[in-house]
Amino acid sequence: MVDPNSVNPVFESPITSTNSGSAGTSIGTSADQAALTLADESSLTKTLIRAEPRTKAERQLDVVFGASRLVDGVVISGQRPSEWLVIGEANDVSTFVDRIDREGHVSLVDHTHSRAMMRLTGLDASRVLEKVCSLDWSSEMTPNGAVVSASVAKVGCDIVRNDTFRHGSALASSAPTEVIPPSYWIACDRSFAQYLFDAILDAGQEFGLLPA
Amino acid sequence: MLLVPCPHCGPRNASDLSYKGESHARPDPNSATAEEWRSYLYMEDNPAGWLRETWYCRSGCRRFFVLERDTATNEFRNPPVPGAKLGGKA
Ligand SMILES: [Zn+2]
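Residue numbers (my numbering), protein chains in the order written: chain S, 1 to 212; chain D, 1 to 90.
I should point out that these hints are in silico values taken from the structure, not numbers from a laboratory.
Quick reminder that beta carbons are idealized off the backbone N, C-alpha and C, glycines included.
Do not take every clue at face value.
[To be verified] The following label-pair restraints were derived from C-beta to C-beta distances:
hint, chain 1, residue 1, chain 2, residue 2, range
1, S, PRO181, D, ALA14, 56 to 62 Å
2, D, ARG58, S, VAL179, 50 to 56 Å
3, D, ALA72, S, THR95, 53 to 59 Å
4, S, VAL64, D, ASN74, 29 to 35 Å
5, D, PRO11, S, GLU12, 35 to 41 Å
[To be verified] Below, in silico cross-link-like pairs of lysine to aspartate or glutamate (EDC-like), each with a Cα-Cα straight-line distance of 20 Å or less:
hint, chain 1, residue 1, chain 2, residue 2
6, S, LYS56, S, GLU89
7, S, LYS154, D, ASP45
8, D, LYS20, D, GLU53
9, S, LYS131, S, GLU58
10, S, LYS131, D, ASP16
11, D, LYS20, D, ASP45
[What the hints assert, rightly or not] Only part of the chain D face toward chain S is listed, based on derived beta-carbon distances under 10 Å:
hint, residue
12, MET1
13, CYS9
14, ASN13
15, SER15
16, LYS20
17, GLY21
18, CYS57
19, ARG62
Bound conformation, chain S alone (with noise of 0.2 Å):
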């Protein structure tokens, strides 16, 4: 594994989100809708790890094909069943990585520059990803935590939903009586970032969406 320090760290999302597709008719904003953003997070760490059932590597990540976990800083995805994707800040998963035992059937793949990932949050997230994507987006179905791969907006894509993950730390715990507003992470093949955030910009525009 190559050292994150030992590297300039520089990198360019495929993602401009200074032209929105919120031009056009905006539709009745109040204050609550306004907190419906979609944000660029292709700069986080992506590392596709790839185990074969019964190797150790699989019993360190411990979860299973459509869940994902909070751990030392990263979020382990149970993207596909022996696919995991695992996400959070370059030293956090580096330090996750290095851990993994590589014995038996094992693959590590750097995904962060091949795949944008962008994250939608607010009350109404999953009204704008129901526009977009045939799954059920109602908690009980996809609940926090939840993963699954589906297209949206005819893009193949792999969505983590994450209410409490911002950058490596758990959202505080101090207002109980606060709504924490769905959040998820949709990630993409880079080619389709730009038209993708718009796409989803564009099915958002009735809700408030804006971007981060």
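For this one, chain S is given, so just place chain D with the ligand on it according to the hints.
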């Protein structure tokens, strides 16, 4: 909308999957006659009724699986088993 029961992802819109067609047992390449190969590669049963077929979960788990569908009613049966081998007509 056709809901296809993926063994990993659960019911998914058929547009999220690729239909790979009828599933037939592959003949042994060491002993199959040319006619058997031709039949395997090109000939379909195409019944109006139960058919064993292969699907690929393109947008979801990216796994191939086999299940049975009534081509007349689009009803699925026998929840598919992950990793099940291809096995001929239903
Ligand atoms: Zn699937």
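Compare the distance between the alpha carbons of LYS131/S and ASP16/D with 20 Å, and conclude whether the hinted pair is satisfied.
-> holds, 15 Å
Is the hint on ASN13/D kept, meaning its closest Cβ partner in chain S is under 10 Å away?
-> ASN13/D check passes; min Cβ-Cβ to chain S is 4 Å, inside 10 Å.
How does the Cβ-Cβ distance of VAL64/S and ASN74/D compare with 29 to 35 Å: does it lie in that range?
-> With a Cβ separation near 30 Å, VAL64/S and ASN74/D satisfy 29 to 35 Å, so the hint holds.
Is it true that the C-beta distance of ALA72/D to THR95/S lies inside 53 to 59 Å, as the hint says?
-> Holds, since ALA72/D and THR95/S (Cβ atoms, about 57 Å apart) stay within the stated range.
Pair hint outcome, LYS154/S versus ASP45/D [Cα-Cα no greater than 20 Å] = violated, 33 Å
Could you grab the alpha-carbon distance between LYS20/D and ASP45/D and see if it respects the 20 Å cut-off?
-> holds, 14 Å
Can the suggested window of 35 to 41 Å be confirmed for the beta-carbon pair PRO11/D and GLU12/S?
-> Since PRO11/D and GLU12/S have Cβ atoms about 40 Å apart, the given range 35 to 41 Å holds.
Does the hinted range 50 to 56 Å hold for ARG58/D and VAL179/S at CB?
-> Cβ of ARG58/D to Cβ of VAL179/S: about 36 Å, so the range 50 to 56 Å is violated.
Interface hint status, GLY21/D versus chain S (Cβ within 10 Å) | Violated, because the Cβ-Cβ distance from GLY21/D to chain S comes to roughly 21 Å (cut-off 10 Å).
Is the hint on SER15/D kept, meaning its closest Cβ partner in chain S is under 10 Å away?
-> Result: holds, 7 Å to nearest chain S Cβ.
May I ask you to test the interface hint for CYS9/D with respect to chain S, counting a Cβ-Cβ separation under 10 Å as satisfied?
-> holds, 7 Å
Indicate whether the distance between the beta carbons of PRO181/S and ALA14/D respects the range 56 to 62 Å.
-> Violated, since PRO181/S and ALA14/D (Cβ atoms, about 32 Å apart) do not stay within the stated range.
The structure is inconsistent with the numbered hints 1, 2, 6, 7, 9, 16, 17, although it conforms to all the rest.
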